[in-house]
Structures are given as structure tokens and as C-alpha cells.
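Novice: Take a look at the letters that make up each chain.
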Amino acid sequence: MHPLLEKQLAAGPVVTDGAWGTQLQERGLGSGEFPDQWNLTHPDKVGEVAAAYVQAGSQVILANTFGANRPRLAAHHLEAKAVEINRAGVQISKQAAGGKALVFASIGPSGKMLLAGEVTADELTAAFSEQAQALAAAGADALVVETMADLEEAKLAVVAAKLTGLPVVACMVFDSGKNKDRTMTGVTPEQAVAGLSAVGADVIGANCGQGIEGFVPICQRMRAVTTQPLWMKSNAGLPEMENGRVVYRTTPEAFAAVIPQLVAAGANFVGGCCGTSPAYIRAVVKTLGRG
Amino acid sequence: MTDLKQLHEAVVTGDAKTARAITEQALKDGVDPLKLVTDYMAPAMGEVGRRFECNEYFVPELLLSARAMKAAMELIRPLLTAQGAEPVGRVAIGTVKGDLHDIGKNLVAAMLEGGGFEIIDLGVNVTPEQFIATVKEKRANIVAMSALLTTTMPSMKTTIDALKTAGVREQVKVLIGGAPITQKYADEIGADGYSDNAAEAVTIARKALGK
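If you read the sequences in order, they're chains Y and F.
Read the first sequence against the working numbering and you will find it ends at 291, with the numbers running on by one and no gaps.
Read the second sequence against the working numbering and you will find it ends at 1211, with the numbers running on by one and no gaps.
In case anyone wonders, no lab produced these hints; they're calculated from the structure.
Warning: the hint list may mix true and false statements.
Stated by the list, open to error - Partial list, derived from the structure: chain Y residues whose beta carbon lies under 7 Å from chain F:
no., residue
1, 71
2, 184
3, 185
4, 186
5, 237
Said to hold, decoys possible - Derived lysine-lysine pairs resembling DSS-like cross-links, with alpha carbons at most 27 Å apart:
no., chain 1, residue 1, chain 2, residue 2
6, F, 1211, F, 1138
7, F, 1211, F, 1184
8, F, 1028, F, 1005
9, F, 1157, F, 1207
10, Y, 178, Y, 100
11, Y, 180, F, 1184
12, Y, 178, F, 1164
13, F, 1207, Y, 178
14, F, 1184, F, 1138
It should be emphasised that the depicted structure is a prediction, and the values quoted were computed from it without experimental measurement.
Where a beta carbon is used, it is the ideal one built from N, C-alpha and C, also for glycine.
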């Protein structure tokens, strides 16, 4: 195991952070606005989100760089600023962490489908390499390839991320099939473990796509086929509209109440995805008897 | 004589090359193009949908089957048009204003195209005005909207309201889909059809048109 991870995991499960997009929206990010661009235009607001998670007890926080890969940036005519946006994202998180939390920088999917020929493997490799190198140069402690639906794309991102020499977390989104135990392209938890560890991912896991209850069986199935650390970040349930506003029904307490089951199932890094906030992280910290 | 069961098989397994070759041969042999669609390809897409429901097929398989169907339809469509046969429906499809995600939208467009619909793909970040113009100018009778973000799904309601204001709501059926969308939301905003997966798109669209 990478020494950084070994040291972190020595004291038991590590608490990560919660959602960023919804937190930025509460601070004024508009509908259709590109969250990553705020690293340049509203660094203070992005820093507030990072600091709120550190304050809540996150031992690992991400950086606001989920969408900062070339194909996605191009849709917003921001591809020329790829390096700048990634660098600023890491710097903001590092400053907010102030040495109290590690910064694992986020690498999200391209939004284009390899198998439909919308993008080539070479283009993806170039895009993920550019992003990973920028994140590493800015001082990220590790990289997180997350919310991946296509195993091929995830593997290309992991390979690019590994070339930085940093530890790499790789997680996929299980939201399809009758039992919500497949990714959109049909990948099972077992296939994800096999595919991602084969290309060198240091930590494997699941994020987004469904509420925390569904993460317990996915975590169990991953644990049954690997001894590697597992990373689990679920949503606060699925979004519902209420009077034109989006609400997530799972409360911080209900969310945190499932954490012990997730840890028993073999999770090593626990946190939240869409709909979660610093309040959820505080509840998780409390449940684990930290702080 | 060509074994037309192979056409069914080619669509189910997503073999575009074979689907096209068999169609070409069958048309040469004088088989009625409409019969190829109704007796072989449409049931094949039904089988694809069934396999999707059973977790045997996922998005990659859907895409391949839709492409096989499309390859055959490229040969058949001109003949149907020449016979005066209209497409099953004309679909103005797009990802709503403020949203740039197009994987789901492209998949639904491919399924509908394979299912015999004419597709007018408006792309991403589509304004209500663009949908309205397409309904008016291109005689679209279905408006299909996609949204991936909870922050952009309200654009669906805005678009439906704009269709009403423009006086064209009654001419079209509105179908919606996307990760955060639910049947409840579809009911709330008065959409005519919703599905949580692309495999059902053809069934839902036909049903909305009463076909």
C-alpha cells in the first residue's frame, strides 16, 4: 500500500467530504453555470466550501476540479484554461485544509462516450494526462478518478493519474440494473475491482448514483474480491422536486446511521456525494466517535 | 430467398453489417419494406428492450442494436417515403437550456431513429424558442427533452409553459428523461411520457402518439 494511505488508514476509517456542487449553488452558483470556473472567478466561495468540510471533520477533502478535463471544458469554451482551473482548485483546497486535511483532487468523466465513437482513447488519455499533471504540479496529495460509468474510460484516467506518482483512488457510479448494482454500461462491482486494480488504482470504490443503503451490498461485494482500501461516497438519497426546489430526503442522522454497516462491509474511506453537506460529515464524524 | 430471421437476429445482437446486407438482399428479392420493419426489426427492438429489462443488456448493447436498426433503416426509409409512408413520428429532441450533457439524449435519439421516428436533433442547451420553432417549421409532433442536472430540470417546465403560450402545446406530445427525472416530476409539469431508461423510449413515444 502507498505509505501515505497506510499512515492515514492506520487509525481506522477515514472521513472524506460531501458534495461541492450543491454547496456552491447555495453560495450563488447559477443553473447551468460551470462549477469549476468558480476556481478562477469566485475562489473565496470555493474556499468556503472546502473550509466548511475541514471544520466539519473531513480528514480528506477533494478539489473543485471534477469537470476540468478538456472535452468538458470545451463545451464551455474554457479548454485554454484547463491547467489554470485545475491548479487553482488544488490551491484553494490546500489553503482551506491548512495541513489539517489531505487534498485528493477530483477527476470526473469526460461526458463523451468512447463506445459511441464520440471521443477516442487517445483524446481521453491526452485530456486526463493534462488534468492529472496539472493537479499533481499544484500539490495534490492524491488523485480521485470518480463517477465513472465506463470501465474503459475509468482505466484510461487511472493510467494517466498513476503517471504522476501520486496515490490514485478510482470509483464508479452504480445506478443501473434492477438492483442498482451495475454502472450505466453494465459493469459489476467485481468487474470494477478487477479492471481498476489491474491498471494500478490504489483505492477502489463507488460514488454517487444512489442512496447510502445501496452502497452496503456493493461494498460487501468489492470487499469479497479485494484486500485493497475501499472508498464509498453515496448520495443523500435521490433528488426530488418540491415546489420547484430540489430536495434530498435522507437526513444527516439517517445517513450517518448507515456508516457503521458500511465500515463493517469493508469501507475504509467514507463520505458523501450529491445532496450531502458539512452537516452530514459532522454526523458521520460523531457516529465514528471522532472529534 | 433470404432468411429474414437473420435480420431479427442481427438487430438483437447489434450486427449492423449483417442487418444492412440482409435488408439489401431482401429488398432485391422484392420483400415489402414495411414488412421488414413491422415483422422483423420492430420485434427485434422489443427483444432488445426485454433483455435490457432483465439486466442482460446495458447501454453498450442498446447502442449497437440501435445502430444495426439504423443501418437497415437507411435502405428502407427512402422506399417508405416513396410509397408515401410517413415516419412513425417527428421528434424534436434536445438537452434543455443550461445543460450541456448529451449522452442520454444521444442514446434516446438513436433508439427512436432505430424505431422508425424522424429525428431532429437540436443538440444541447436548447432554448424553449428553439423547440417551438422546430414544432412550427418542421412539423415535429414530439418534443423530447433531456436534463442531467437537478438545477436544469426546471427548464423542462419552462419549455412546456412556452409551448402553451406559443399555442402549439396541443400539437405535440412531450417526453422527458434524465438522471434526476421521476414519473412524479413528469406528472407535475404535465409531460406526456417519461421513462428511466432509453430502452423504453420507442414504446413510450409510440404510446404517446396512440400508436
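Novice: Indicate, hint by hint, whether the structure satisfies it.
Specialist: Against the structure, the hints come out as follows:
1. Interface restraint check: residue 71 (chain Y) against chain F, minimum CB-CB distance 11 Å, threshold 7 Å, status violated.
2. Checking residue 184 (chain Y) against chain F by beta carbon gives a least distance of about 5 Å; that is within 7 Å, so the hint holds.
3. For residue 185 (chain Y), the interface hint holds, the least distance from its beta-carbon to any beta-carbon of chain F being 5 Å, beneath 7 Å.
4. About 3 Å separates the beta-carbon of residue 186 (chain Y) from the nearest beta-carbon of chain F, less than 7 Å, and the hint is met.
5. The interface hint given for residue 237 (chain Y) is broken, as the beta carbon of that residue sits about 12 Å from the closest beta carbon of chain F, more than 7 Å.
6. This hinted pair checks out: residue 1211 (chain F) and residue 1138 (chain F) have alpha carbons roughly 21 Å apart, not beyond 27 Å.
7. With a C-alpha separation of about 24 Å, the suggested pairing of residue 1211 (chain F) with residue 1184 (chain F) holds against the 27 Å cut-off.
8. For the given pair, residue 1028 (chain F) sits about 17 Å from residue 1005 (chain F) by alpha-carbon distance, which is consistent with the 27 Å threshold.
9. For a cut-off of 27 Å, the pair hint linking residue 1157 (chain F) to residue 1207 (chain F) stands: about 21 Å separates their Cα positions.
10. Using a Cα cut-off of 27 Å, the hinted pair residue 178 (chain Y) and residue 100 (chain Y) is violated, with the two alpha carbons roughly 41 Å apart.
11. Between residue 180 (chain Y) and residue 1184 (chain F), the direct Cα distance comes to roughly 20 Å. Compliance with the 27 Å bound is thereby established for this hinted pair.
12. A threshold of 27 Å between alpha carbons decides the hint, and for residue 178 (chain Y) with residue 1164 (chain F) the separation of about 37 Å lies outside it, so the pair is violated.
13. A distance of roughly 23 Å separates the Cα atoms of residue 1207 (chain F) and residue 178 (chain Y); the hinted pair therefore holds under the 27 Å criterion.
14. Annotation: proposed proximity of residue 1184 (chain F) to residue 1138 (chain F) is violated, straight-line Cα distance about 30 Å (limit 27 Å).
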